[in-house]
Amino acid sequence: MTAGDYTPQDQFSQGPAVEVRDLWLAYRPGQWVLKGVNLTVPRGELWVVMGPSGAGKTTLMKVLAGLLPFQRGTVEVMGFRLRGEPPRLFRRAVGYIPQQLGLVRGLTALENVLLGTLAQHGGWGLTFGFFPREEVARARDYLGMLGLGDKAGVRVFNLSGGERQRVAIARTLMQDPQLILADEFVSDLDLPRAARILETIRGLVRERGLTLLMNLHEIQLVQELADRVVVIKGGQVVYRGPAQALDWSEFRALVEAEDDGARVAGG
Amino acid sequence: MGPGSLAGKDRGRDAALRRWRDLSGTLALLLVLGWILGRMGFFDPGRLTGGLANFGRFAAELFPPDISVLPVVLSALVETVEMAFAGTLLGFIVSFPLGVLGTRTLFPRPVVLAVRLLVAIVRTVPSLLWALIMVIVVGLGPLAGTLALALYTVGYLAKLYAEILEGIDPEILEAVRGLGARRHHIVRFVFWPEAANTILSQLLFMLEYNIRSSTVLGLVGAGGIGFYMQVYISTLAYGRLATVLLAVLAVVLIMDALSAWVRRRYLLQT
Chain S
1 MTAGDYTPQD QFSQGPAVEV RDLWLAYRPG QWVLKGVNLT VPRGELWVVM GPSGAGKTTL
61 MKVLAGLLPF QRGTVEVMGF RLRGEPPRLF RRAVGYIPQQ LGLVRGLTAL ENVLLGTLAQ
121 HGGWGLTFGF FPREEVARAR DYLGMLGLGD KAGVRVFNLS GGERQRVAIA RTLMQDPQLI
181 LADEFVSDLD LPRAARILET IRGLVRERGL TLLMNLHEIQ LVQELADRVV VIKGGQVVYR
241 GPAQALDWSE FRALVEAEDD GARVAGG
Chain L
1 MGPGSLAGKD RGRDAALRRW RDLSGTLALL LVLGWILGRM GFFDPGRLTG GLANFGRFAA
61 ELFPPDISVL PVVLSALVET VEMAFAGTLL GFIVSFPLGV LGTRTLFPRP VVLAVRLLVA
121 IVRTVPSLLW ALIMVIVVGL GPLAGTLALA LYTVGYLAKL YAEILEGIDP EILEAVRGLG
181 ARRHHIVRFV FWPEAANTIL SQLLFMLEYN IRSSTVLGLV GAGGIGFYMQ VYISTLAYGR
241 LATVLLAVLA VVLIMDALSA WVRRRYLLQT
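Residue numbers (the working numbering), protein chains in the order written: chain S, 1 to 267; chain L, 1 to 270.
These are computed hints drawn from the structure, not numbers from a lab.
Fair warning: there could be bad hints in the mix.
Unchecked claim - Below, a sample of chain S positions facing chain L; criterion: calculated Cβ distance under 7 Å: (1) 68; (2) 69; (3) 72; (4) 89; (5) 98; (6) 108; (7) 110; (8) 115; (9) 116.
Glycine included, every Cβ here is placed at the ideal spot set by N, Cα and C.
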């Protein structure tokens, strides 16, 4: 696939941040993980995707991040029509935080944050460790803002879980993205700590008018955090609506009832 | 019956099957070993005891070591260590890029298969045979030995490195790819920092190994102490041979201690 498959013309327009139509995806032939997903996320909103494990939430996130090819349907993210390896402009516009954060453990917090500039500065200079001075200053600012100013030189394997989460957020902010996709990235933290991290990221998203789409299964956190909730089950969207309107007992029944869809790998 | 109890029963049966398979596998392995050794005459009492007597006579003739040849032996030993050092580093310089090219998570299948095939071919040839080939190519002397060790090193390290790099958590690769990283960025900012310790540890191991194996390369004229081993064995000068062996032992012990120190000092910080 070539970059020519993309249509970035309305990148700066006010179309939806995410527009998914009839998305089908299978890791192995015939074993569909996503079965005709439809989803439209407007710009500037904060949406949460929920659902039982194995429902296809992570798979959907990876598709939207341009990391996973799919078989059928159309996916448009920030005006880019996804097909094959996306162009670098897309990489700048979309930040992705995987479930285990994907930080490089052998690099320092500062170096990890600086990796967020790779899409902007593609040259060989970086390969020898020379990041532009103003980028280093910006990275330090983000770390300071997230309360990690004194940890810039510490390697990630020496940081605590909450500190790593904040490094991942700083790395995403370094990209200067319009859309942030976060895949259950607070699932390893206890509830108060998770709430604090989410509070931080919500503040940043609101302040900058970004769009945030995240997988989250802590029901207690969803209602006060999200504008809207999407529930995925068995590879399909089964509920979509305002978080406040959701009846939790009904929701639990929706999510927790076991079926074949819950056993599909790649959740 | 609920789904949980069904799964539990399945698991129990799986465990029993596995135990049975492990047991029969071990038994089969021992039988094969016994059969092979038997064919070689391992269980023939006369052969083994007679062999021991021969070994005793040979060992007795090694003493006392003739230290008059020490200056010659030491200078040949220095050459051996130089060969091992240069050959290992040369091999490493080629191995790391080849290992990267042989990583399935970074390069397309055809590239990976071609590189792995090449490395497998290099690995098939033992270092002594490489030395013989290099003597034909570049002539007698330590250059032949150095190149032979470099090739041998590539055969092992390139394969090991590809496997180490493939073992890196794919989620990190995915995340960094999502940041717009190109392949050389991934090598620099993911592969190296995540695997440097293991990579350098294997390099040290290879150096130790090459120090030992470089001592025999002189047998085919590829430089180093092996030449004198060959001469002293064929002239039955076992006292002098003993000096050579003791000197080699000293070098190997020193190198092992040195690399243990490097490991402790620099590689165990994770």
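Looking back at the numbered hints, which does the structure fail to meet, lowest number first?
1, 2, 3, 4, 6 and 7
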